[in-house]
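Engineer: Residue numbers (my numbering), protein chains in the order written: chain A, 107 to 354; chain B, 134 to 395.
Incorrect hints may appear among the rest.
Stated by the list, open to error - Straight-line Cα separation of at most 25 Å, DSS-like style, residue types lysine-lysine; simulated pairs:
1) K318/A x K292/A
2) K188/A x K386/B
3) K318/A x K272/A
4) K149/B x K163/B
5) K332/A x K319/A
6) K233/B x K253/A
7) K253/A x K163/B
8) K149/B x K233/B
9) K149/B x K188/A
10) K332/A x K272/A
11) K389/B x K149/B
12) K161/B x K253/A
13) K318/A x K332/A
14) K272/A x K147/B
15) K272/A x K149/B
16) K292/A x K319/A
17) K233/B x K272/A
18) K351/A x K318/A
19) K147/B x K340/B
20) K295/A x K319/A
21) K272/A x K292/A
22) K295/A x K272/A
23) K386/B x K233/B
24) K332/A x K233/B
25) K188/A x K233/B
For the record, the hints were derived by calculation from the structure and aren't laboratory data. Everything numeric in this text was worked out from a predicted model, so none of it was measured.
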Amino acid sequence: MEPIISVNNVSMRFNLAQEKTETLKEYTVKFLKHQLFFNEFYALDDVSFTIQQGESVALIGRNGSGKSTMLKVIAGVMYPTKGSVQANGSIAPLIELGAGFDMDLTARENIYLNGAVMGHDRAFMDEHFDSIIDFAELREFVDVPVKNFSSGMVARLGFSIATEVKADILICDEVLSVGDFMFQQKCQKRMERMLSGGTTLLFVSHSLPQVKKLCTRSIWLDHGHKRADGPTEEVCEQYTAAMEKGEA
Amino acid sequence: MTNSMVASWRRFQKYKPLIHELVGRDLKVKYRRSFLGYIWSILNPLLMMLLQSIIFSYMFRSNIPNFPLYLICGNTLFTFFNEATNMGMNSVIQNAALIKKVYIPKFIFPLSRVVSCFVTMSFSLAAIIVVMIVTKSPFYWTLLLCWLPLVFLFMFSCGLALLLSALTVYFRDMQHLYGVLTLGWSYATPLFYPIEALPDSIIPLMKLNPMYHYINLFRNLVMYGNIPGPNTWFANIASAVVSLALGLWAFRKMQKNFILYI
Numbered sequence: 107m108e109p110i111i112s113v114n115n116v117s118m119r120f121n122l123a124q125e126k127t128e129t130l131k132e133y134t135v136k137f138l139k140h141q142l143f144f145n146e147f148y149a150l151d152d153v154s155f156t157i158q159q160g161e162s163v164a165l166i167g168r169n170g171s172g173k174s175t176m177l178k179v180i181a182g183v184m185y186p187t188k189g190s191v192q193a194n195g196s197i198a199p200l201i202e203l204g205a206g207f208d209m210d211l212t213a214r215e216n217i218y219l220n221g222a223v224m225g226h227d228r229a230f231m232d233e234h235f236d237s238i239i240d241f242a243e244l245r246e247f248v249d250v251p252v253k254n255f256s257s258g259m260v261a262r263l264g265f266s267i268a269t270e271v272k273a274d275i276l277i278c279d280e281v282l283s284v285g286d287f288m289f290q291q292k293c294q295k296r297m298e299r300m301l302s303g304g305t306t307l308l309f310v311s312h313s314l315p316q317v318k319k320l321c322t323r324s325i326w327l328d329h330g331h332k333r334a335d336g337p338t339e340e341v342c343e344q345y346t347a348a349m350e351k352g353e354a
Numbered sequence: 134m135t136n137s138m139v140a141s142w143r144r145f146q147k148y149k150p151l152i153h154e155l156v157g158r159d160l161k162v163k164y165r166r167s168f169l170g171y172i173w174s175i176l177n178p179l180l181m182m183l184l185q186s187i188i189f190s191y192m193f194r195s196n197i198p199n200f201p202l203y204l205i206c207g208n209t210l211f212t213f214f215n216e217a218t219n220m221g222m223n224s225v226i227q228n229a230a231l232i233k234k235v236y237i238p239k240f241i242f243p244l245s246r247v248v249s250c251f252v253t254m255s256f257s258l259a260a261i262i263v264v265m266i267v268t269k270s271p272f273y274w275t276l277l278l279c280w281l282p283l284v285f286l287f288m289f290s291c292g293l294a295l296l297l298s299a300l301t302v303y304f305r306d307m308q309h310l311y312g313v314l315t316l317g318w319s320y321a322t323p324l325f326y327p328i329e330a331l332p333d334s335i336i337p338l339m340k341l342n343p344m345y346h347y348i349n350l351f352r353n354l355v356m357y358g359n360i361p362g363p364n365t366w367f368a369n370i371a372s373a374v375v376s377l378a379l380g381l382w383a384f385r386k387m388q389k390n391f392i393l394y395i
């Protein structure tokens with residue numbers, strides 16, 4: 107069977123010097139000193155893996171190991187410097203909840219806007235409107251501008267919209283830590299239900315218990331390299347062992 | 134080539150609702166919390182026209198017949214062009230948060246801004262009708278064709294907005310420079326003076342200004358009931374097509390690295 111996600115020799119290079127070169131004067135000085143293209147930093151270095159449909163895969167690793175970059179490359183937000191990524195299916199990105207919200211608009215208006223960001227039209231969103239609002243538990247606040255929401259409310263609305271429509275691939279970056287305990291439980295239940303419905307999950311989290319609960323397979327990224335790839339129990343054990351040894 | 138064009142078209146179809154929502158948002162946010170709301174789209178050009186016709190009729194002794202109508206025709210088009218390119222230019226930077234998190238075809242941002250300015254301008258056309266009625270200007274049948282220069286101008290503005298929005302990601306200085314540029318451009322366009330007022334040596338230069346041609350065509354259709362010769366049409370269509378092609382080409386080329394700079 108053809109894999110639903112295939113990542114082939116992906117490298118992602120950031121140019122740290124470039125980021126700082128903002129003004130013409132600095133640019134010229136650096137150019138003359140031939141420093142312009144120094145300080146290259148590889149967030150991902152020649153990473154390959156494939157994911158089959160229905161798998162639930164976690165990316166684990168320390169801060170700055172390239173997990174989020176990997177998700178963004180798969181979601182099509184970033185283009186890899188080298189290599190290629192193929193995703194055969196619709197993607198629901200949960201990279202940052204409420205990223206597409208316009209703070210001046212109300213919750214109602216933002217639901218339509220956010221739905222359109224994911225490529226759904228008005229009629230389609232009309233059908234799903236009620237269940238989105240109910241899941242987010244925001245019925246009283248439908249016509250309040252989002253800028254007056256608490257961060258938990260924004261996250262709830264974002265999660266509710268992104269997971270309302272069944273996508274083939276769910277990309278999830280450390281978002282389950284939002285909301286109160288009750289809501290977290292609700293989110294987890296909904297994700298489990300999506301998984302049993304055949305959705306492929308790609309999950310980033312620092313919480314190993316959560317990883318163990320949701321994912322059968324884990325990929326350990328270390329400084330942009332793939333360090334291990336296998337059943338969650340084994341990889342997590344290796345990872346914990348390495349961390350306990352105090353290895354960077 | 135054809136394959137990638139078909140793919141682009143499909144993607145465009147898929148994201149049509151998004152353009153719709155973004156335009157709706159722009160319009161809602163624009164007049165939110167103002168008492169008169171959309172009426173401002175008509176009132177604003179009228180007030181501008183009144184102000185300018187008072188000032189300019191004292192300053193210059195121009196012999197343009199129906200000066201108020203002459204003014205508002207030029208101003209409506211130029212204001213649209215100015216607003217559309219300015220807002221389009223900043224659209225990619227302003228939507229950085231979204232571009233960093235979700236995959237969306239990026240040309241949607243400048244495009245939706247130009248569309249929302251176009252919608253605002255269509256409301257302003259009512260102001261032109263008001264002026265025509267008040268000044269008892271005759272209604273020619275050519276008025277029915279007045280959407281043609283508007284469509285050409287729309288294409289021209291789209292192209293320029295795409296180009297500018299891509300450039301601005303790399304050179305933020307564009308934002309500051311462009312204000313000066315459009316001011317110069319507005320003086321270089323016969324908005325409140327007739328082209329005949331210019332010295333003969335400059336008139337050929339003026340013909341290189343696309344804005345002159347759009348406004349000229351528009352005024353001919355609205356004010357004089359006159360369909361101009363092929364040269365004007367050619368200038369209109371050519372500048373629109375060239376600008377759009379150039380904008381799309383440049384934007385496609387530059388968009389891949391936006392994420393690293395915004």
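Engineer: What hint numbers does the structure not satisfy?
Structural biologist: 9, 10, 19
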